[in-house]
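Since the structure of chain A is provided, determine the placement of chain B on it from the hints.
Residue numbers (this note's numbering), protein chains in the order written: chain A, 35 to 221; chain B, 6 to 398.
If you're looking for bench data, these hints aren't it; they were derived computationally from the structure.
Yeah, the Cβ is synthetic: ideal placement off N, Cα and C, and Gly gets one too.
A portion of the hints provided could be inaccurate.
[As the list claims (entries may be wrong)] Computed from the model, here is a short list of chain A residues facing chain B with C-beta under 8 Å: (1) T104; (2) D106; (3) E107; (4) Y163.
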Amino acid sequence: MKNLTKLLGLSLAFSALLFTACAKKPIRPDPGATAMGPASNNSVDPTQVAVEPAAPGTNLEARNLPPGVTEDENTIRGLLQPVNFAFDRSAVDAKERPKIEAAVKYLKDNPDKRMLLEGHCDWRGTAEYNLGLGDRRATAVRRYLESLGIDSKRLETLSKGSTDAKQGGTAADWEKDRRTDFVVLKK
Amino acid sequence: MKNLFRFLAALSLAAVAFAQRDIGVVDVTADTSTIPLAVRSSSPELQNLALTAFNVHGRFRLVASGAAYTVTFAPAGPTQVSVAVTKGSAGAAVLSETVAGTSLRHALLKAADLAVTKMSGLRGFFAGKLTFVGETTGKTEIYTSDLFFGNVLRWTSDGKQLIGPHWSPDGTRIVFTSYRTSFPDIYVLDLQSRQRNVLASFKGTNSGGRFSPDGSRVAMVLSGEGNPEIYVGTAQGRQIRRLTNDQAVEASPVWSPDGSRLAFVSDAAGGPQLYVMSAHGGAMTRLKTDISRYCAEPDWSKGDPNKIVFTAGVNKGYQTAVFDFTTNSARIVSHAPTDSIEPAWLGDGRHVVVTFRAANTRSLWVLDTESGKATRLSPASFGPASNASYLAP
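Excised from the complex, chain A in its bound form:
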């Protein structure tokens, strides 16, 4: 039985991996979608040329968020249930999907709002790896939202790693810290 659960978990994780791989979108807008120029993987959207590249030769973009965007007066926290993750995992479990669907509904009902996906880890492990893990937890939810039709421009990600995690406590407390929060951005 344990092995079966493991196998199930593994296949779920694998399908999630495939899923996120397929759902991955190009970071720059597709030039083929504009009236100008042929589509090619290396071409640059002419509408983007005026923006100085943040790091030439890469697709890295400057963050460019309004100041104070995450301050309390500009956010709504706790409105939506966070997506929880297994230990050291960043694949979205099937039982967490309704929470993502609830976020999709909120974004469709509130077209003026944007969403920050905030990835967290429990206090165990190591700080820098946990930053990466939190990043991937936020990105996994982002890609899921994008695959359900949410415009990527309305989504931001932030990894808190284990910096906000509750220290000590029980395994149940740690489980609550392995999550991606939905934070509504009013700005």
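Just chain B, lined up with the frame of chain A:
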């Protein structure tokens, strides 16, 4: 024979270890022999500091009688200390010198380093400096101090989470990650001008900055292209190039002492493990640590370029381990009652500074990777101290 047996037992344990989750402590004994030492000074202040310093050193054992060497310190000016080392009961002189420092305290530590080298052949590390994360204001900020928590200075007042301060090789700058803007960005602090510049603030996570041994480049982790990957750029944050490209989390790049390679963490194989690649990119090769499913936070020794210290998951906790390129194997070197994490080599290729971590407590310790001896550095009165980087004298 006993050692051989231990070694074989450790090997077989290590072989099993990678297939299982919890493995217990693998203990291969190394050079634990100590030199009995007496420390004397006419100045109680110098005597106390010298005792504190030699007490962290795993090669020496302070004794009241029967010393193999006697080290005598005396003030020789406002910022000068004279040091004399004599051997055995006959008292044959092996060292007699006057050392100048930036303060009396600094001169004593430099003089003690000279004595260490004279008696053990090891490079001295007492006169080096630390940068670390402290919380005297109630928030995490960047601090510097000498190794024994003298001359403690606070350099930031971000009031937000700070992670991973690391020295530039010349000691003029510190690179670190701060949530100052609420998002994790990499900054470089210039200690002379007290000015700080943004090195990387792209979309996503910017973290893990480390100067190359010549100070001209910085390795870092950026997730702005969709996934946390290893990048290298100039020390000004220009000409940024991606070195890894996979679906895994990469973290904590560290340069080899000659600057030609990088060691880092990747969970490409499932859990976090250590990998090495050329600093120009290319294939990544896993280090065969094979002692834990969780290997992270590597630091490559400048004192002994064959050694990488790292954090290994052991049972439900975390301990410090050393990978040795000469044997292509790793061993657990700490036996902390708490987690022993965030290791950084001191100058001699033998000792490291680590963070002992339990719930809501953090303290800095010197750990001798050969004997396992651990000695606390950060005083309880300072409060939490963690995440140290060491600058050799």
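Now the hints, each set against the structure:
{"no.": "1", "hint": "T104", "verdict": "4 Å, holds"}
{"no.": "2", "hint": "D106", "verdict": "11 Å, violated"}
{"no.": "3", "hint": "E107", "verdict": "13 Å, violated"}
{"no.": "4", "hint": "Y163", "verdict": "5 Å, holds"}
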